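*Asks:* Chain order of the listed sequences is A and B. Just so we're aligned, residue 1 is where the first sequence starts under our numbering, counting upward by one. Just so we're aligned, residue 1 is where the second sequence starts under our numbering, counting upward by one.
In case anyone wonders, no lab produced these hints; they're calculated from the structure. One or more of the hints may lead you astray.
As the list claims (entries may be wrong) - Keeping only pairs whose Cα atoms sit at most 30 Å apart, straight-line, the calculated DSBU-like set for lysine-lysine is: (1) B:Lys64 - A:Lys1; (2) B:Lys64 - A:Lys42; (3) B:Lys41 - A:Lys68; (4) A:Lys104 - A:Lys42; (5) B:Lys14 - B:Lys66; (6) B:Lys41 - B:Lys66; (7) A:Lys1 - A:Lys68; (8) B:Lys14 - A:Lys1; (9) B:Lys41 - B:Lys14; (10) A:Lys104 - B:Lys64; (11) B:Lys55 - A:Lys104; (12) B:Lys14 - A:Lys42; (13) B:Lys66 - B:Lys20; (14) A:Lys1 - A:Lys104; (15) A:Lys42 - B:Lys20; (16) A:Lys104 - B:Lys20; (17) B:Lys64 - A:Lys68; (18) A:Lys68 - B:Lys20; (19) A:Lys104 - A:Lys68; (20) B:Lys55 - B:Lys14; (21) B:Lys64 - B:Lys20; (22) B:Lys66 - A:Lys42; (23) B:Lys64 - B:Lys14; (24) A:Lys1 - B:Lys41; (25) A:Lys1 - A:Lys42; (26) A:Lys68 - B:Lys66; (27) B:Lys41 - A:Lys104.
A quick note: this is a predicted structure, and the numbers were derived from the prediction, not measured.
Spelled out from the first residue to the last, the chains are:
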Amino acid sequence: KQEVTQIPAALSVPEGENLVLNCSFTDSAIYNLQWFRQDPGKGLTSLLLIQSSQREQTSGRLNASLDKSSGRSTLYIAASQPGDSATYLCAGSNSGNTPLVFGKGTRLSVIA
Amino acid sequence: GAVVSQHPSWVICKSGTSVKIECRSLDFQATTMFWYRQFPKQSLMLMATSNEGSKATYEQGVEKDKFLINHASLTLSTLTVTSAHPEDSSFYICSARELTGGNFEQFFGPGTRLTVL
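Use the sequences and the hints to build the structure in full.
*Replies:* This is the structure we're talking about:
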């Protein structure tokens, strides 16, 4: 069964800094890997979805990579802004029929 | 992307009562829906997988008689928390997977915050 780990658990950076959030998973036969954002008390906002055949996906200032052989994914946020402050969750599934398994998240604070 | 709704968005109930939460896929059909639970400052934990027209599959440690799941149609799944107690207070989030489509993406509802007094 897929297990997902995220480090660091919390991160505080000054505005404008580029940053990387890390996610690792135990089963390299991963089917989908998704990054989400969650604001306090709110639901999930899907940021990027990487299929197993892909190495990376980009959306605006966000770039997510997937390295199945090493069991790692990274979420790169360029030119961070205070509005980026939130918890970022990484989740992976092993097939089209199995549910996403979530990491514990990284709580990001961008200081103005 | 596809839209998943949940109702209610929040509910407060007395201990011992039952609460029903609805999850709907608004613009697509979902043979499979998932129910997650999230305690404060914790991540999402899968409770059960719900397949249309069949019994739900529960994760280890989740009481199926307490958390009743019904997936009666391709667009609706319900979670009923029976005889709710304060320890059931949590954020419940449903997710639906499209019947067709190449990447089997899961779409998430906005969540339901349950507070049991």
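*Asks:* Checked against the structure, which of the hints given earlier come out wrong?
*Replies:* 8, 17, 18, 26
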